[in-house]
Each structure stands twice: as C-alpha cells, then as structure tokens.
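Listed here are the chains, written in short residue letters.
Protein chains: 2
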Amino acid sequence: MGSSKMKKSIEVILSPALLKNYELKGKTVVIIDILRATTSICVAFQTGVKKIVPVSTPEESMMFRDFDFLCAAERNAQKVDGFDLGNSPFEYQNPLLKDASIAMTTTNGTKAIKLSKESGAAKIVIGAFLNLQALSDYLIKDNNDVVLLCAGWKDKTNLEDTLYAGAVVKNIKEHFEINCDSALMAETIYQVAENKLEEVVLQSSHAKRFSLLHGNFDDVKFCVQINTLDIIPIMVGEYLVKMNQQ
Amino acid sequence: MGSSKMKKSIEVILSPALLKNYELKGKTVVIIDILRATTSICVAFQTGVKKIVPVSTPEESMMFRDFDFLCAAERNAQKVDGFDLGNSPFEYQNPLLKDASIAMTTTNGTKAIKLSKESGAAKIVIGAFLNLQALSDYLIKDNNDVVLLCAGWKDKTNLEDTLYAGAVVKNIKEHFEINCDSALMAETIYQVAENKLEEVVLQSSHAKRFSLLHGNFDDVKFCVQINTLDIIPIMVGEYLVKMNQQ
Numbered sequence: 006m007g008s009s010k011m012k013k014s015i016e017v018i019l020s021p022a023l024l025k026n027y028e029l030k031g032k033t034v035v036i037i038d039i040l041r042a043t044t045s046i047c048v049a050f051q052t053g054v055k056k057i058v059p060v061s062t063p064e065e066s067m068m069f070r071d072f073d074f075l076c077a078a079e080r081n082a083q084k085v086d087g088f089d090l091g092n093s094p095f096e097y098q099n100p101l102l103k104d105a106s107i108a109m110t111t112t113n114g115t116k117a118i119k120l121s122k123e124s125g126a127a128k129i130v131i132g133a134f135l136n137l138q139a140l141s142d143y144l145i146k147d148n149n150d151v152v153l154l155c156a157g158w159k160d161k162t163n164l165e166d167t168l169y170a171g172a173v174v175k176n177i178k179e180h181f182e183i184n185c186d187s188a189l190m191a192e193t194i195y196q197v198a199e200n201k202l203e204e205v206v207l208q209s210s211h212a213k214r215f216s217l218l219h220g221n222f223d224d225v226k227f228c229v230q231i232n233t234l235d236i237i238p239i240m241v242g243e244y245l246v247k248m249n250q251q
Numbered sequence: 006m007g008s009s010k011m012k013k014s015i016e017v018i019l020s021p022a023l024l025k026n027y028e029l030k031g032k033t034v035v036i037i038d039i040l041r042a043t044t045s046i047c048v049a050f051q052t053g054v055k056k057i058v059p060v061s062t063p064e065e066s067m068m069f070r071d072f073d074f075l076c077a078a079e080r081n082a083q084k085v086d087g088f089d090l091g092n093s094p095f096e097y098q099n100p101l102l103k104d105a106s107i108a109m110t111t112t113n114g115t116k117a118i119k120l121s122k123e124s125g126a127a128k129i130v131i132g133a134f135l136n137l138q139a140l141s142d143y144l145i146k147d148n149n150d151v152v153l154l155c156a157g158w159k160d161k162t163n164l165e166d167t168l169y170a171g172a173v174v175k176n177i178k179e180h181f182e183i184n185c186d187s188a189l190m191a192e193t194i195y196q197v198a199e200n201k202l203e204e205v206v207l208q209s210s211h212a213k214r215f216s217l218l219h220g221n222f223d224d225v226k227f228c229v230q231i232n233t234l235d236i237i238p239i240m241v242g243e244y245l246v247k248m249n250q251q
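Protein sequences appear in the order of chains Y and U. Each residue of the first sequence is one higher than the last, beginning at 6 in the working numbering. Each residue of the second sequence is one higher than the last, beginning at 6 in the working numbering.
Worth flagging that the hints you see were computed from the coordinates, not collected in a lab. The reader is advised that the hints may include incorrect statements.
[Claimed, not checked] Calculated lysine to any residue pairs in the SDA-like style (CA-CA distance at most 25 Å, straight line):
(1) U:K201 / Y:I183
(2) Y:K161 / U:K201
(3) Y:K178 / Y:L202
(4) Y:K213 / U:K13
(5) U:K159 / Y:G31
(6) Y:K159 / U:E28
Let the sequences and hints guide you as you build the complete structure.
Right, here's the structure in full:
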C-alpha cells in the first residue's frame, strides 16, 4: 500500500462503563489501573512470579488455593482478611514469590481485564508508569489498533489512569491516527502534569482515599515512578504472563 | 453552624453512560451539549420561544404538532427530513419563533435531560458557553450541590462538553468542595484551552464530523462564543422555560 497505508488508530476509554461503545475485536487493549493493580502486576513479574490468573471475586480467588496458587484479594483499597496478598506493590517485591502462581481479584483492575477478554480483544497487555517506555515501544511495533482502557474507580473516571493514558498517547501518537476526544484530553492533562506527576497524583481522589486508610502515601509514590521496569505482562489464555520481548 | 458549614459539592459526569454511578437526588444538574443542543436552546429563549419539551424520538416530537408545537429533530448532526427545525443555533434565531412552543429531540442533549429527570435531579438547567457567566452566578447563589452532566456523543466522552464543564468549575470552585477527579481533569483541560477555545474545539471529533457533513464550521464557531446571553433555561415540569432571574 505504500504511503496510502492507513495509520493504526489509538483510542482511550476513560471507564469500563464506557466499554460497550467501543469495538475491541482485533485490537490490542492496554489495561490501566495505576493505583495499584497494574503496577503490582508489573512488579510481580519483575520479582519472578510465573503467572497470574485474574478472577472476579475473593471467593473465586480462594478456590485456586487447592491448585497451589497464592490468593490475592483487594476490595476498597484494602487487603481482604485471610488472603495471602492484597494489592500493594511492596507485597509483590517479596522474593518468596519467585515462580509462584497467583489468583488475583481487585476492585477495578481485574474487572477491566475480564471485560476486555469478553469483548474480544486480540491482545491484552498491562500498563503502569513503571513500564511506560517498554509498553510504548511494543505498541509502536505491534500491528494492531490500540485501546487504552482506564480501570477507574467503581466505574467512575479517575485522574491517575487518565494521566497514564495521556503519557502513552504522547509517546506513540506520531505512529498512530487519533480520532478520539478522550485521547486528546488525556494527553493534554498529562502534558500539564508531566513535570510534577507525583504532586498531581497526590491530589487524586484515590490518593486521598488511600492516605485516609493507610496513613501514608507510600504506595502512591511508588506507583508514579516512570520507566523502572522493562517488563510487559500479557494475557495468554486465562493467565497473565511475562511477555518474551526480543 | 458558622464556619463549620459544609461547602456544596461539585461533580462532573463525562458521559450519560456514567450517570448510574452518581446520586442526582436533591442536586442541581447542568446539561451540557455544546455542539449544539444546549447552545440552540439558549438561543431559542433569547429569540422569545415560550417553552421547549425535550422528547426521546422524532416520532414523539411529531406527535406534538397536533398541539400547536413546532417539531425539532436532529440525528447524527443533521435535521431529520420533514421537521420544522433541526439543531442549528442559527435556526433558533428566526424571529418567527417568538412565543412558539417546540418539541425537540436530539442525538445526545435531550437524552441527557430525560435521564437527569428520571434520576431525580432537584433542578435541571441548561449550560452553554453563551450563558457561562449567568449560569455560574446562578450555581453560586443556588443552595444545591451541583452536577455538570456532559451529553457527549453516543455515550462517548467529548472534548467540547468537557471543556465547558471545566469552564464552570473554574468559575465557581472557590464556593464549592471538589472531590471528583473528572472535575479536576475538566478544569485542567479548560485552562490549557481557554485562550484558544475556538482553535481547540475545531480539533474535536464532532467539529470534524460537522464540517464533513455541512462543509463549514459556522455552527461550531457560533457555539464557542462566551457570555453573549444572560439567559438560563430551566426544566419546570415537562418543559424547559426561561428562568426568571432577579
């Protein structure tokens, strides 16, 4: 096709509640739940976790214990009682997790993964500020149109996921066609925040919620670190695994 | 209560598809459909239209013809064949509309009005750049919490409605408490666009759509004029009427 070849498209979905208005078939969907699920998933694979199965409920997570999975469950920004793991990236740095399999459910992130799978996404990958550049490079090389799906908070839009979507748009836009107002808006917000990212994210409703519950912003500060990991988690069948990057 | 009195809250809903996650009861809801329904409604009352009934379908609009209503119907940015009026603000400047009653259906705006009514909003008012200051002043004086509802485009978020929500947030925020990431994001986007509003809105997907259909940006340019009208349309029973402002 030469110069007439269509550019790939990029779209941003600001909440899973808006998913039904978009076509995901044949596209690569990036799941974004910066505070904290997709950040923790990236950390888990850095630590050496073998696979993660995203599930809908704490009960479903617990059923995997019989199959030698560790069970992770978070609801309303707190670990559910009786589970091995919650949703803090620091928990997923534990060296004992090397080679572990984990069944994980979180308030927003694992729901977004499952919805994308049900909607027929061709590929589902995991985005966090920690792997921003690695993921951006992958999306440019990949042949598919891209959808950036913000997990939000209980179907509401949120600041930190939108900021991350904007960061990806900024990184890759020259290789894509954008006909999506949400993508333009996300990029604008990121450009304003780029040089004071931690300060801006600390004003988000979830950062405030986290601080009220935990008495600190430690997890929030961890989750806004940029390009500390070269890892891309990807769904293969029912499991998230670490992508083999060339 | 003195200084301990709670400030009123302000929330921004970026698409009608997100409405179910918010409580509207007891609140004043501002309907925002800049291109073009809420702009045209403001113009209609400036011209002297007596009342407007928002309806769901062209068929429903047409049924009002037997009761001496003019019938307005827009779908996909175009007037529906056979109707008296479409959705262009220029049509609503026609002096023959003085004292008219209009039954109106549009792709997004009238749907947002009806959803807000069904959700129990205490008051429903109409926002456009044309009446930005008049509306902002009213929201500050009013006793209710405020919800700014962007009509969007077929349940997707859009740029121009988000920009307007941000303009209202900027105008009134010192009188309100904000615990809503969408409000923070909308205000950020507006601050970036404020001094080049027309240029930014011309990049929106709806401006492009309009231009493809109509061959010009005339309506779009009309709709980004700021503070040209001192009129606030408000729902009273089944009708939009011009608010009596003191």
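Against the structure, the hints:
Restraint check for K201 (chain U) and I183 (chain Y): satisfied, since their Cα atoms lie roughly 20 Å apart, inside the 25 Å limit. With a C-alpha separation of about 29 Å, the suggested pairing of K161 (chain Y) with K201 (chain U) is violated against the 25 Å cut-off. Distance check on the hinted pair: K178 (chain Y) and L202 (chain Y) sit about 20 Å apart at the alpha-carbon level, within 25 Å; holds. For the hint pairing K213 (chain Y) with K13 (chain U), the CA-to-CA distance comes to about 19 Å; that is within 25 Å, so the pair holds.
Using a Cα cut-off of 25 Å, the hinted pair K159 (chain U) and G31 (chain Y) holds, with the two alpha carbons roughly 22 Å apart. As the CA atoms of K159 (chain Y) and E28 (chain U) are separated by approximately 14 Å, the hinted pair is consistent with the 25 Å bound.
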